[in-house]
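Chemist: As given, the protein sequences belong to chains G and P, one line each in that order.
When the letters of the first sequence are read in order and numbered with this note's numbering, they come out as residues 1 to 80.
When the letters of the second sequence are read in order and numbered with this note's numbering, they come out as residues 1 to 643.
Take these hints with a grain of salt, some might be off.
[What the hints assert, rightly or not] Straight-line alpha carbon distances no greater than 27 angstroms define the calculated DSSO-like cross-link-like pairs of lysine-lysine that follow:
hint, chain 1, residue 1, chain 2, residue 2
1, P, Lys176, G, Lys70
2, G, Lys13, P, Lys242
3, P, Lys176, P, Lys230
Derived from the structure by calculation, the hints contain no laboratory data.
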Amino acid sequence: MNLTQAPQGVRLKIVDISGGEQVCRRLLSLGFHAGDEIERVSQGILRGPLLVKIVRSGCSVAIGRGIAAKILVEVADGPQ
Amino acid sequence: MVPNNAPFVIFIGQPNCGKSTLFNAIAGHKAQTSNFPGTTVKHTHSKVNIGGRVLNIIDLPGTYSLSPADPAEKVALTHLFQETPDLVVNVVDASILGRSLELTLELLEMELPMVVALNMTDLAENKGITVDFQKLSALLGVPVIPTIARRGKGIQELFEATLKCLDGKCFGKHLKWSGDVEEEIQRLGESLPEGFSCVANKRFTAIKMIESGHLFCNEFLEDINPDLKKSLDGVRANLERKRRMPVYEVIAAERHHLSQKIFEESSRVRRGKAIGWQERLDGLIMHPVLGYGILFIVFLSFFFLIFKVGSPLETLLLKPFTGLKAVLAAKLGGGLLFHIADGLLQGIGGGVAIVLPYFIPLLFLMAILEDVGYLARAGFLLDTFMHRIGLHGKSVSPFILGFGCNVPAIVSTRILESRRDRILTSLLIPFIPCSARTTIILALVAFYLGPLWALGFYAANVLLVAVLGRVLSLFMKEASPGLILEIPSLKIPSLKDVFFKIYLQLKSFVLFAWPLFVAGSVILGFIQSLHWDRAINAVLSPLVANVLGLPRELGVTLVFGFLRKELSLLMMLQALGAGYQNLLSVISRDQMIVFTVFVSFFIPCLSTFAILWKESGKKIAFVSAGLSISVAVIVSFLVRLLI
């Protein structure tokens, strides 16, 4: 599933980041790498952007839905 | 650049890691700071004397990596690559060390002498992260100095390390990547002919050639060295096949893993401890429902606070000036001298009594909002609405800056990645009421007609920007790439920083805007005494009197409005020959509204026009001017019909 379909408040593991090189590079430099864990924290109203926390560094990043749809994730197993 | 032989020291780091705060702590306050990634969009240069040695220090825009994505980041890289600094001070946010080190690793690859300033160690401690800076220094091979720039901690130690490294040259370690990737890089590096290193050294050149298909030295490679091109393509293909991902991702993953490893080896993270108030407060501010309520309350109280502070002060300060005017009239009669003295008085009085009572509280509240870190959060909340007007949340920051002054707002569009977004945002910014216009709106509209009128004007203004954005984005077919915006941690603003920011802005008002205003008023007085204003008014009368239904005497103020929009409004009194007390006897409430609307939009002020020209080109500057004039005429005519 992609990030827009993922549940909120659960640890998610990034499986892959699709999309163009520009967007990918931007996400990589902000700390979104395949294998890393992230969590959806909040979202804007009216299909607004997603607020995503990178579990390991604790950084928060706001991501528009168009871009979030390019981040493929699965629910992370292990202790929550 | 200053021609001298003092060594160049550059400050570089990821966005919002506190480079500018650190720079200010060293250079005395010079650079703008705030808690929003991308506040610095151009370099700030300063000469400082440290321990008897003169250094050129340069504060650069933040960059996440050495592969630039937006124009502000490109500024950083130009300095780094072309000017070969004598020392790099890499500022690192200790609270997100793992990610910040990725840039550090890239800088190490460049083999420049370097000192790491491990900043925001207090914030890291709050998050439960303790960094062993000595261990980190051993791992990287360069000095690591813990600092808290906001409180001036660690600055002295940083000075000492800087001086030591300038003499002793602190080069970092060669940190190796995974075997197979390292092998490919070395192979390519060794096959580079002598003197080919287009950036820094052979290994770094090889990495950049592999990582980026669009690097400048790759583009001509086919022609100048076909063999090298072949081996480069071979290396790229090999890596992609082995790792099953695009080659730039392979390199990024290598740096990512290495920096995570260094982070884990040098830091202790206590788990389970929540960050307390920050996290709870963030939960409220960014809440999908409550967040919008809070946003609304923040802006409403922003507005009313400024008005409540400003209007009693205005009343108080206007009194002596009104009295003085009567004295002048009695003493000087109605001749040339009176008109010039009156102009002088209007100019000085307008500044003291009308602008300052609102301007200072506005700057104060703006600075607090910026430093707390609310702007990025507003960007997140407003992204949805920005999409409706063809933009996204990252443009919120230039827009909000625009409420301060349009000029830095247009410069700050450099944080946007795509040209389409930059142009669209730059075209909309001149319609945002800047602090000078807000002051006038508060001092004239709210003061004479009541705060609700001013608030209504503001709401209508925001609506206008939205409609305009929607219309303009119809002409810009290319889709916006979408929002990726880092949300910085909430911070308690330091009063010192806040006061300093107010000082910086007031200084530029007193040195630049006020003299212009006084001069404008004196010139208007002069023109009036010679009755030249009648000619100008006659020319503009079809527009001013016929279309807008205003007293034709106001025509002359529009000429001055091109210098600064608020001049037109401030000079209204002088042009009408009215005092502060009897203004409403010469102009009706409706006329005042129509005039305010027209003046607010009718043309970008001279500095805005100049910066538009510089940032986006002549065409955009003229498009913007044309757009402003047509919008002003149409909207104020509509307002005239409606009220």
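Chemist: If you draw a straight line from the CA of lysine 176 of chain P to the CA of lysine 70 of chain G, is it 27 angstroms or shorter?
Modeler: Judged against 27 angstroms, a Cα distance of about 31 angstroms means the pair is violated.
Chemist: Would the hint linking lysine 13 of chain G and lysine 242 of chain P be met if the CA-CA limit is 27 angstroms?
Modeler: Roughly 22 angstroms separates the two Cα atoms, so the pair holds.
Chemist: Can the restraint linking lysine 176 of chain P and lysine 230 of chain P be considered satisfied, given a maximum Cα separation of 27 angstroms?
Modeler: Cα-Cα ~25 angstroms, so holds.
The structure does not agree with numbered hint 1 stated previously, though it agrees with all others.
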